[in-house]
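Participant: Residue numbers (the numbering used here), protein chains in the order written: chain Y, 1 to 321; chain B, 322 to 565.
FYI, nobody ran anything at the bench for these hints, they're computed from the structure. Hints may contain errors.
[Unchecked claim] Chain B regions said to be covered by chain Y (calculated; three or more residues, Cβ under 8 Å):
hint, stretch
1, 335 to 348
2, 409 to 420
[Stated by the list, open to error] Calculated cross-link-like contacts (lysine to aspartate or glutamate; reagent style EDC-like; alpha-carbon spacing at most 20 Å):
hint, chain 1, residue 1, chain 2, residue 2
3, B, Lys563, Y, Asp127
4, Y, Lys135, Y, Asp150
5, B, Lys562, Y, Glu81
6, B, Lys563, Y, Asp64
7, B, Lys562, Y, Glu66
[To be verified] Covered stretches of chain Y (chain B as the covering partner; in silico rule of three or more C-beta atoms under 8 Å from a C-beta of chain B):
hint, stretch
8, 75 to 89
9, 100 to 109
Glycine included, each C-beta is placed from N, C-alpha and C at the ideal position.
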Amino acid sequence: MIEIEGLTKHFGPIPAVAGIDLTVAKGEVLGFLGPNGAGKSTTMKMVTGYLAPTTGRVRICGHDVESDSIAAQRCIGYLPEGAPAYADMTPRQFLSFIAEIRGFRGEQVKAKVDAVVGKAELDLVLDQPIDTLSKGFKRRVGLAQAILHDPPVLIMDEPTDGLDPNQKHAVRALLRAMAPDKAIIISTHLLEEVEAICTRAVIIDRGRVVADGTPAELLARSRHHNAVTLALPTAQAETAKARIRMLAGVATVEDSALANGLVELTAFPKGGALLIETISALVVAEKWDVNELYAEAGRLDDVFRAITTHDADRAREARIS
Amino acid sequence: MNALWPIFKREFMAYFSTPLAYVFIVIFLFAMGAFTFYIGHFYENGVADLTVFFGYHPWLYLFLVPAIAMRLWAEERRTGTMELLLTLPVPLWVTVTGKYLAAWAFTGVALFLTFPIWLTVNFLGNPDNGVILASYVGSFLVAGGYLAIGACISASTNNQVIAFVVSVVVCFLFTISGAPLVLDFFRGWAPLVLVNAISSFSVLTHFTAIEAGVIDLRDLIFFFSLIALFLAANIVIVDLKKTG
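Looking at chain B on its own, in the form it has when it is part of the complex (with noise of 0.2 Å):
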């Protein structure tokens, strides 16, 4: 347990000792604005709120959220630190939760820099701040129970475009299992019960919930449910790999 704090750090100061953070950073503030000043048409709708913004957070997500995630453990194994990682004295739940709440941590220093646009809207407007504040805690949940998939496919590969492409494919259908486009392909056929069952585990679902301004416990619940299956999908994976 004592070792969460140095994995946590050394797996977070890593992203910055790279060119990958700050590549990162740029190309999710840049598309933030481009989705939500050209696409979404924050100024042409003469609304104070950040729903056109937030709206596109998933979709963005859904690219560069693999992108952070497909190194967490496919470049340990490229590397040979993995043997190093693995062969030091600490539980494996604690490396896994270590370098993803890193991981976590750090999508959530680019969320956070987003904010100017928060300032923006409230010195143009009277926004309802609360809904804002929903807003990111769902965006911030949405790149949490991305991250959790793609960690746990980087560790099951270790070639990174492989656990890229997986990962984006995996969470796409996240995203879009409450839509009409998966839902009719088992309506005609499997029972109600399954039907919703697939419609609920939709990531898009939830965070439209949470973005309205409710943060429902239903929805917290599915994040971390979402984020702990992952995760000990993962610590599975790695101690898989064990056995050769």
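Okay, chain Y solo, but in the shape it has when bound (with noise of 0.2 Å):
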């Protein structure tokens, strides 16, 4: 539903997109991974058709958003970044305003302000004006306004952004129930987000796709993926330490000192082996007083520093051109 094709832009010599493809399906949720400035936003201006690409094209539904924005941009629900609304009108008049440009009339609009109401949770502020508000509602009322014509795309840039733990996850409820019938690319800093809905990731640095997997394919190439971690005492630490080192499959064995006088060791498998069996036994074996032991899937934050560029890289290439 969402094909992207050759994307770039350059402002003035800088080039902030530098060629993106992507296509995104229907039932598929895209998180837009990418450290600041690495393409995200201007990428989401140019797919909703607010910003013209330099080079390169986006189709929204088989329309595409440049010689066809108005069809293309029908289909497409938009929260853009920091969710601006008019400040001065509250969230039934704004969201009324967009049911009416959305070519809805009369009791119609009713019904669609009552409906998206419901779902962003935003029953108590209703006749409030907008700046009035706090962050969480007003990123709410953004997000209802994306969502009130039950578009086939949404594009939602950090949609979760100044929610508190609640809001966040009853905004991921209701992201994953709309799931199935539309085609959805949120972007984030959260990392933690893109485990809990995202069934797809694409990291972007440079304006370039660094990565683009499946949460859990993107787990596999962190170093974490499958390592075992176990707590024990600092006696017992160092013995443990050299077992667990001869173990097949262990490349390496980092250790860390816990307040409460335990020590924290980390085994890294060589390969993405499985390592959390034979360590059981050996603990069990062994007798250790462990009280804790636990295997990882891999950490996304590992993935995200090992390919995108940090802002070290980024000032040292600056100064040399």
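Need the complex rebuilt from these two chains, each delivered in its own frame; the hints are there to steer you.
Facilitator: So this is what it looks like as structure tokens:
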């Protein structure tokens, strides 16, 4: 439903987006990740028709965003960066305005607004001016505005930014419920969000896609993938460390002291080997006083940091050029 | 096209949900009164017409209309609602026209509220109400012309102060282009056609013609083409900003 081909955007000589190809199908929730300034928002602005691409094209439900923008924009619900809304309006007025612009009239407007107010839990603040609302409510007004016409394509720039954990949970549940019959792109800084709702994660850096896969696939690239961590008393730590390092499949063992007189050991596998069985067998055989033992699926922030260029690198590069 | 009304309505209501509308209307009415009675010597003239009153309109609009126009686009850009507005499925010309008409309607409201002076002059004597009506139409058209200029300039910057100052200057040039100050500058070297063309761009010349009580088609065409030209430029500028 979303087809992006060879998309680039230059601001003067600076390439903000340097060639992105992506196709998002119905039922997919694509998490768009990347450091600040990687080109996430710029890409979303081009997908929704706010910015014209320098080269490349975007098709939404078969409509070209540049040449057939009205038809394309009808299919899109868009939450722009910072969830902008007219501050002097109340959520009721604002959502009615959006409904009217989207072509609903009379009773339909009321029905659409009522439905979306329920979904975004805005009942309490419906008649307060938007500029008096908390950040969380403002975000939800923006969210409500985007889903009001039940669009087949949803583009959301940081939909849960500024929400408290309960609200985040509610928004994620909402997105999950809508996901099966929509194509959704969300950008986020929160890696846990990707694991919670995304069926696919795309990491971009300096305007290019540097990783694209399911969250599980990305996790498998983490050095913590299948790593085993155990916590045991300091007295046993040295022996345990040595013994675990001897096991087949273990690449390295790292330790870190915990506050309560325990040491935490983490064994990293060679080539993603499964370690939990051998290590737990060893623990039983050696009768170590282990009070914590778990295997990890991987850490997205490992992957994120490993493949996106660090700010320091970037600064160095800027100096050289 | 169906979106014109919601856009108009939202923009129009926005004036009244902030102090802007009230401040503007109060200052507009106060300034009108002050100019007419103290500087124009409305009573001392002893003539039952509103020529003095309307004579000051272009000069007052020169500052007050850019004050309304400056926020038209600059504000949307600053608060980020521009992104929301321009990604809704609405043709750009509808958005531009809807916002413009709302601002124009607002100046219409302010102008309408000067009706006590019309009542006064009718109470004091027997003015030619046809001329007064024509002058009101002319005044409204002048406001519309300035507003189109201001809207276009507002679209090209997100700094409201710059939008205001540049609009005042451009409106000023359009106001006095028929005056000797401007024409003498060209007369020495430019062909007569050009001098006449420049002179015909003067808002003041066309307004004075209407104010005399005759709504000539040529004057109407002037104002509507001025408005259309700047709205077209407004659309182009908003569209150009898309390419970054």
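Participant: Please name the hints from earlier in the document that this structure breaks, with their numbers sorted from lowest to highest.
Facilitator: 3, 4
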